[in-house]
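**Q** Sequence:
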Amino acid sequence: MASDTDPLVVSSLAKDFALQLGFPSVAGAQIALAAGELASNCFRHGGGGCVELHALADGIELRAIDQGPGIPDLSTAEEDGVSRGRRHTPYTPIRDSLGSVRRLMDEVEVQTRDRGTTVVARKRLRGLTG
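For the sequence shown, my numbering begins at 5 and goes up steadily by one.
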């Protein structure tokens, strides 16, 4: 992620890819939102990075990789309204919540170190219709 518009591009690509894989439109929108959140996190907190999209036999995998300072307190970072360890007020816009990615996707794994974070999020096709 090199610019603040890149998350929009990632979101659009993720939705198109999900629909090509056979996801229904609502699930495609959820995947797009999760991909945009991950891309935004890479840009805002990781100093750049990338979001990879992978087809699975039974779904899709999003992999966000950055070289930022890591996440000092993962449980707090997954709370709604928290960014960079600070809680935001209702007047402070915040979209980049790992908690939202966890709600939108079926599986989420986070590996964070002093020099980078990798988030892997998967959504499965089984049981999805419409």
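For the record, the hints were derived by calculation from the structure and aren't laboratory data. A couple of the hints might just be wrong.
What the hints assert, rightly or not - Just the calculated beta-carbon pair ranges, DEER-fashion:
{"#": "1", "residue 1": "Ala61", "residue 2": "Gln115", "range": "29 to 37 Å"}
{"#": "2", "residue 1": "Val13", "residue 2": "Gly51", "range": "23 to 31 Å"}
{"#": "3", "residue 1": "Ala61", "residue 2": "Thr122", "range": "31 to 39 Å"}
{"#": "4", "residue 1": "Asp110", "residue 2": "Gln24", "range": "16 to 24 Å"}
{"#": "5", "residue 1": "Arg117", "residue 2": "Glu65", "range": "15 to 23 Å"}
{"#": "6", "residue 1": "Ala61", "residue 2": "Asp20", "range": "18 to 26 Å"}
{"#": "7", "residue 1": "Arg130", "residue 2": "Pro73", "range": "19 to 27 Å"}
{"#": "8", "residue 1": "Leu129", "residue 2": "Glu56", "range": "26 to 34 Å"}
{"#": "9", "residue 1": "Asp62", "residue 2": "Arg119", "range": "28 to 36 Å"}
Quick reminder that beta carbons are idealized off the backbone N, C-alpha and C, glycines included.
**Q** Taking the hints in turn, state whether each one holds.
**A** Verification of the hints:
Checked against the hint of 29 to 37 Å, the pair Ala61 and Gln115 fails, with Cβ atoms roughly 23 Å apart. Here the CB-CB span from Val13 to Gly51 is close to 18 Å, at odds with the stated 23 to 31 Å. Remark: the range hint 31 to 39 Å for Ala61 to Thr122 is contradicted by a beta-carbon distance near 22 Å. A C-beta distance of roughly 19 Å is found between Asp110 and Gln24, which places it inside the suggested range of 16 to 24 Å.
Under the hint 15 to 23 Å, the C-beta atoms of Arg117 and Glu65, about 21 Å apart, fit the expected range. Evaluation of the 18 to 26 Å hint for Ala61 and Asp20 yields a pass: the beta carbon distance comes to about 20 Å. With their beta carbons about 37 Å apart, Arg130 and Pro73 fall outside the hinted range of 19 to 27 Å. In this structure the supplied range 26 to 34 Å is violated for Leu129 paired with Glu56, their Cβ-Cβ distance being about 19 Å.
Restraint check, Asp62 to Arg119: a C-beta distance of roughly 33 Å satisfies the suggested window 28 to 36 Å.
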